[in-house]
Amino acid sequence: MYDAIIVALCVFIGVAGHEMFGMAMLSRPIVVAPLAGLLLGDLQTGLQVGASLEAIFMGVVNVGVTPSAEPAIAAGLATVFTIQMDGKLGAIIPLVWPLAIIGLQIINMIFSFVCGPFASKFLNYAKNDDQKRFVHLHFGLWVLHYVLYALLPFFAVLLGSSVVKQAINAIPHVIMNGLTVAGNLMPAVGMAMLLQMLWRNDLAIWYFLGIVLMAYFKLPMIAIAVIGAIVAIAIAERDLQLKKVTNAGVAVATNQGEAGTSEDFEEEDFFK
Amino acid sequence: MKIGSELDKDEKKLMRKLFWRSGPMYISVNPVLMGGSGFAYALMPFINKFYKNKEDRAAALERETQYFSTTIPFASFVMGIAASMEKENAQSPDFDVSSINAIKTGLMGPLAGIGDSLFWGVWRVVCAGIAITLAKQGSFLAPILFLVMFNAINYICRYYGGVLGYSLGSKYISRIYQNGLIEVLTKAASVLGLIMVGAMTVSMVLFKTKINLVMGGKEILDLQNVLDTIFKNLVPVLITLGCFKLLRGKKAGIITILFGIVVISILLSFLGWV
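Chains as they are written, first to last, in the working numbering: chain A, 1 to 272; chain B, 273 to 546.
One chain only, chain A, in its complex shape:
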């Protein structure tokens, strides 16, 4: 029981702290494993596990939804199992890895289906300038999100990893699959909200340029951003020139008095 609480606490401190302190990297194995080791009375094992797992996870960057393993859960579980079984890390990793992969799936589920529905609550509070509730929800979701997150390592240590694996496998595959599909589609709502802000019928073609550049040319984001900036600057330059011409036209018109008003009016209309 004590071990389970400690590991859950370390995972919570890691992942929740990482977000709270602005991408502070507290969730990395090199931090979580030594912390768990320290609290379980074996700092040296924690350090060794942390060093090995950090090297393994070095390449894994958690950006968006990726089908890899979850580093903090892997580090916490690997540390406690290595200490408990007095074993070699090499033998522990095959035991821990499936759980860390399931962990990432569960985290994506929490992200999509626990935190997702609250998005509209934020907007409602914003619409009413209810800042107090807004802030409470902001921090409340933090607690909810990461307490749920820490439950997996808690039960994994308490009941043993095989029991947890079986329990999760008992969830019907169709449901899990459907939820994953839904989670992958949800960002469409965020994109739609941005479109609502940016959409202008005369500019809509540029949205499709972004789609083609990503779907067919598979350019990195940064390349698309540079292309977008070039297009934007070119458009701005042309607009500035048009503005100058129009302003000059107006200036000439005012100098000439009433004479050329109707002609200039047409010209101005043309440039609009």
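Just so you know, these hints were derived from the structure itself, not from any lab.
Do not rely on the hints blindly, as some may be mistaken.
[Claimed, not checked] Straight-line Cα separation of at most 30 Å, DSBU-like style, residue types lysine-lysine; simulated pairs:
| id | chain 1 | residue 1 | chain 2 | residue 2 |
| --- | --- | --- | --- | --- |
| 1 | A | 218 | B | 504 |
| 2 | B | 324 | B | 284 |
| 3 | B | 443 | B | 482 |
| 4 | B | 522 | A | 121 |
Everything numeric in this text was worked out from a predicted model, so none of it was measured.
Assemble chain B onto chain A, guided by the hints.
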């Protein structure tokens, strides 16, 4: 440091608030807004300072609660710019507010690209490399050194990013506004924003169908292939445009749409179509 030397005492205080509030941007992260709620949280002190009545504050808060996602140390830069634009909007009656989100959307993609590779790809690897060596020697300093090294740069970037964004914005946005060029800026920023949203629609919204017609052990129709031949990522783009139509026509709220997505996805999964 020259950056931010022209800010007055009140603004410096706001900058410190921005630093503390920009850190936890992702604590309420969700697939609809990503860090958008955190973005609005960080801008609250500015909104409360610039706008005196409740309606304006509510409008500003709603404007800032939009999809936003970028690497944290660079997020404060965008927040600083957005804050300076809110200030301009509060002072100038006919300011075009759509330029605020246009600029945010234009900036977040490229900054995320640079930030992720610099902080996750380079700096974290350097810090972790040193820490791993120390940990293997059994030194308890390993995790501490790792955290201090990484976060020193992380935090410096976040503080000065905010100050830089705010002072750049304050300097140029009002000049652009006074020269009557804000519509030019808004249009250019919207073009960049729309291109980025198009790219994000493809990279973030994912869908693959498994519908397969098999006859006599031979595959005669692979629907995903057919869809890809028509246009790649056709379904995600159509779903995004569909959500946009629903939201714009006020035919459905976000909750209804999210619920619909879940129900339809599970249904499709039961039918074995996805």
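Here is how each hint holds up against the structure:
A hinted pair counts as satisfied when its Cα atoms are at most 30 Å apart, and residue 218 of chain A with residue 504 of chain B qualifies at roughly 11 Å. Taking the CA atoms of residue 324 of chain B and residue 284 of chain B, the gap is about 20 Å. The hint holds against a cut of 30 Å. Restraint check for residue 443 of chain B and residue 482 of chain B: the C-alpha separation of about 54 Å exceeds 30 Å, so the hint is violated. Distance check on the hinted pair: residue 522 of chain B and residue 121 of chain A sit about 17 Å apart at the alpha-carbon level, within 30 Å; holds.
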